[in-house]
Amino acid sequence: MWYLYLLECRGGNTYAGITNDVLRRYAAHQAGKGARYTRANPPSAILGVQPFACRSSASRAEYQLKRKTPTQKRLWADTWPWPPEACSAE
1 MWYLYLLECR
11 GGNTYAGITN
21 DVLRRYAAHQ
31 AGKGARYTRA
41 NPPSAILGVQ
51 PFACRSSASR
61 AEYQLKRKTP
71 TQKRLWADTW
81 PWPPEACSAE
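Per full-length UniProt numbering, the sequence shown runs over residues 1 to 90.
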């Protein structure tokens with residue numbers, strides 16, 4: 001499985017990426033070993049995660065998510081909450 005994820009970063013900005021292990025990748029971002037953007041703007045939370053069957057599908061979705069406005073990105077995260085159990089809370 002591959003995952004598209006959206007992070008909340010310093011200053012209220014967001015960062016989108018893909019991975020096959022969300023928690024490992026988040027830990028790398030927090031440790032300053034992730035993307036250049038998250039080294040300068042450390043993440044404070046995982047906002048949303050969407051699963052995909054293959055890397056190419058996740059990459060296409062990442063491209064589309066990165067083109068959205070900040071408000072649209074947060075609406076996307078509401079659709080794919082983290083942790084996944086949050087979507088079945090009711």
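Hints listed in this document are in silico derivations from the structure and should not be mistaken for laboratory results.
Hints may contain errors.
[To be verified] Straight-line distance between alpha carbons at most 25 Å, and here's what the computed DMTMM-like set of lysine to aspartate or glutamate pairs gives:
#1 Lys68 <-> Asp21
#2 Lys66 <-> Glu8
#3 Lys33 <-> Asp21
#4 Lys66 <-> Asp21
#5 Lys73 <-> Asp21
#6 Lys33 <-> Glu62
#7 Lys73 <-> Glu62
#8 Lys68 <-> Asp78
#9 Lys33 <-> Glu8
#10 Lys68 <-> Glu8
#11 Lys73 <-> Glu8
#12 Lys66 <-> Asp78
[Claimed, not checked] Pair ranges (Cβ atoms, derived):
#13 Gly11 <-> Cys54: 16 to 24 Å
#14 Asn20 <-> Ala45: 15 to 23 Å
#15 Arg60 <-> Tyr37: 28 to 36 Å
#16 Arg36 <-> Ser59: 29 to 37 Å
#17 Tyr63 <-> Ala28: 20 to 28 Å
#18 Ala27 <-> Pro81: 27 to 35 Å
#19 Gly12 <-> Ser56: 26 to 34 Å
#20 Thr79 <-> Asn13: 18 to 26 Å
#21 Arg10 <-> Cys54: 25 to 33 Å
From the three backbone atoms N, C-alpha and C, an ideal C-beta is built for every residue, glycine too.
Outcome of the hint check:
no., hint, in the structure
1, Lys68 <-> Asp21, "holds (24 Å)"
2, Lys66 <-> Glu8, "holds (14 Å)"
3, Lys33 <-> Asp21, "holds (15 Å)"
4, Lys66 <-> Asp21, "holds (20 Å)"
5, Lys73 <-> Asp21, "holds (21 Å)"
6, Lys33 <-> Glu62, "holds (20 Å)"
7, Lys73 <-> Glu62, "holds (11 Å)"
8, Lys68 <-> Asp78, "holds (14 Å)"
9, Lys33 <-> Glu8, "holds (17 Å)"
10, Lys68 <-> Glu8, "holds (15 Å)"
11, Lys73 <-> Glu8, "holds (11 Å)"
12, Lys66 <-> Asp78, "holds (16 Å)"
13, Gly11 <-> Cys54: 16 to 24 Å, "violated (33 Å)"
14, Asn20 <-> Ala45: 15 to 23 Å, "holds (20 Å)"
15, Arg60 <-> Tyr37: 28 to 36 Å, "violated (20 Å)"
16, Arg36 <-> Ser59: 29 to 37 Å, "violated (18 Å)"
17, Tyr63 <-> Ala28: 20 to 28 Å, "holds (21 Å)"
18, Ala27 <-> Pro81: 27 to 35 Å, "violated (20 Å)"
19, Gly12 <-> Ser56: 26 to 34 Å, "holds (31 Å)"
20, Thr79 <-> Asn13: 18 to 26 Å, "holds (20 Å)"
21, Arg10 <-> Cys54: 25 to 33 Å, "holds (32 Å)"
Checked against the numbered hints listed earlier, the structure breaks hints 13, 15, 16 and 18; every other hint is satisfied.
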